[in-house]
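Visitor: Here's the letter readout for the chains.
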Amino acid sequence: MAPIIQIKNVHKRFGSVHALRGVSLDVERGEVVVIIGPSGSGKSTLLRCINRLEEFNEGSIVVDGIPLDTAENINAVRTEVGMVFQQFNLFPHLSVMDNITLAQRIIRKRDKAEADEIAIQLLNKVGIPEKAKALPGQLSGGQQQRVAIARALAMNPKIMLFDEPTSALDPEMIQEVLDVMMNLAQEGMTMVVVSHEMGFARAAANRAILMDSGQIVEEAPPNVLFTNPTQERTKEFLSRVL
Amino acid sequence: MDLQEKKKTETAPASAGADSKGYFDPWWWLVFAVIGMIILLITTRPDPFMRILLFVRDGIGVTIQTTIISFFLVLIVGLIAALGRISRSRILSGIATVYVEIVRGIPLLVQLLFWYFAFPSVIQGIGSALNIEALKNYLANPVGMAILGITFCYAAYMSEIYRAGIQSISKGQMEAARSLGMSYVQAMRYVILPQAVRVILPPVGNEFISILKDSSLVSVVAVADMTRRGREFMAANFIPVETWSMIALLYLVMTLLAARLVTFIERKSRLER
Ligand SMILES: Nc1ncnc2c1ncn2[C@@H]1O[C@H](COP(=O)(O)OP(=O)(O)O)[C@@H](O)[C@H]1O
Ligand SMILES: [Mg+2]
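From first to last, the protein sequence lines are chains X and P. Numbering-wise (the working numbering), the first sequence opens with residue 1 and increments by one. Numbering-wise (the working numbering), the second sequence opens with residue 1 and increments by one.
The shape of chain X in the complex, shown without the other chains (with noise of 0.2 angstroms):
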């Protein structure tokens, strides 16, 4: 089968910063593909441009055999895509429940019981059921964390971004949410992860990838990527951050 992720010579530009030059990257269905690289290397970018929340301005991506052109394609891609942010994004004027039903109610048609029950389940997945009811700003980082997990999965993606998930959060609160992404991968998720989680990137991920300046600098398995890279900028960036 095609990879489910097709990237084929991608370019950015801000302006004039040339954020992405020429990223091609295939992910595999049920694959785990953790990048890391320095900040300003073009990583959230990356991200961005797949669920098109970020426009490109040459080469294409190709989601679930979805090009990413027409405004109705780019919704439909965005329906399987579920993207989890630094900040959370929670919606603060909705309960954790409406959170997690808003979309589903609007976009997937669910009723408000299959919807409600849903929610349900996937609270006792990311293991809070007790605050559906909270309001977002009632909840610590970790906790919010887990309910945009949540959010997203409600819309039964098939792939799940993650931008820095754990960076915004207090040391002792990243452990609750890499668990719950430890469970995702091992349940076969297509998952892209922006993460300095080594501990995660080795545990769960098929690739590591390094970007630096716009471009993928060097892939392996993470071991080794971590351990034995090849590349003279892959070794002085893991020399800085381990």
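Please note that a few of the clues may not be correct.
Claimed, not checked - A partial selection of chain P residues facing chain X, derived with a Cβ cut-off under 7 angstroms:
(1) GLN167
(2) SER168
(3) GLY172
(4) GLU175
(5) ALA176
(6) LEU180
(7) GLY181
(8) VAL191
(9) PRO194
(10) GLN195
Claimed, not checked - Calculated pairs, DMTMM-like style, for lysine to aspartate or glutamate (alpha carbon to alpha carbon, straight line, at most 25 angstroms):
(11) X:LYS158 x X:GLU219
(12) X:LYS158 x X:GLU54
(13) X:LYS133 x P:GLU175
(14) X:LYS158 x X:ASP98
(15) P:LYS171 x X:GLU117
(16) X:LYS133 x X:GLU117
(17) X:LYS112 x X:ASP98
(18) X:LYS235 x X:ASP179
(19) X:LYS158 x X:ASP179
(20) P:LYS171 x X:GLU80
(21) P:LYS171 x X:GLU55
(22) P:LYS171 x X:GLU72
(23) X:LYS125 x X:GLU54
(24) P:LYS171 x X:ASP163
(25) P:LYS268 x X:ASP98
(26) P:LYS171 x X:ASP69
(27) P:LYS171 x X:ASP170
(28) X:LYS109 x X:GLU72
(29) X:LYS133 x X:ASP179
(30) X:LYS109 x P:GLU175
(31) X:LYS133 x P:GLU266
(32) X:LYS158 x P:GLU175
No wet-lab data here; the hints were simulated from the structure. Please read all numbers here as calculations on a predicted model, not as lab measurements. The beta-carbon is built from N, C-alpha and C at its ideal position, and this holds for glycine as well.
Model the placement of chain P with the ligands on the given structure of chain X, informed by the hints.
Guide: Just chain P with the ligands now, kept in the frame of chain X:
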């Protein structure tokens, strides 16, 4: 003990009911004082005060009606203009920006005079040029033109309030909504606007009170509102002090009551957050 109880009432959710023994807005005393003043005047000196009140009575209705209809139209047109201004389409945002800039540069009184006296002539002119009977005989309806004029003007100001409110919501909210597959309109409707409404409530309340006061300007375009009825009473009776004191007190009661209403709605929405 005392302190604990106080804390409880403060943090109690709005659903706990209108807390009767809770917070009482001291501004209510001012409202009562002004109402008491009016009652005192009409009971102790029914001539001329009761006569004035009866004479301008239908004008009070016109003022309230003009204000409320205009306000709701302003809410709708202002939102459309705001969405135009933040639109990524150059044409839409250009049109909306020009509209706002033009309206803000012309006094409301001049705008009202234009809508009532000049606009119908323009329409009639177009009618004769194109030979369309319906347009040739076009006559302006005073109340309609007054509401049109107020709406056209205030919607421009309102659009700026909406715009600031929408832009105060973090970009991540729109992105999260779009990433779930919502369209721009759905994201606005379910995610952005409900949050923006809470931010803009105080300035929107102030606009309502401004419209109420500025509605007095429609008296120059043949609308028989409270102010115009006051002038008519004046013309027949020549008692300026009594007449304009009464009219001033009536406006004051209305604006004070409106301000209390705005505060009440604000408090309620804060508690629900
Ligand atoms: N909306 C934007 N406008 C202008 N420049 C941007 C924007 N988003 C990202 N950039 C620039 O693009 C480059 C890549 O950014 P980003 O993808 O966020 O990097 P990373 O996620 O690896 O830290 C940076 O130089 C950044 O300043
Ligand atoms: Mg980033």
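Visitor: Honestly, which of those hints from before does the structure not fit?
Guide: 1, 2, 15, 18 and 23
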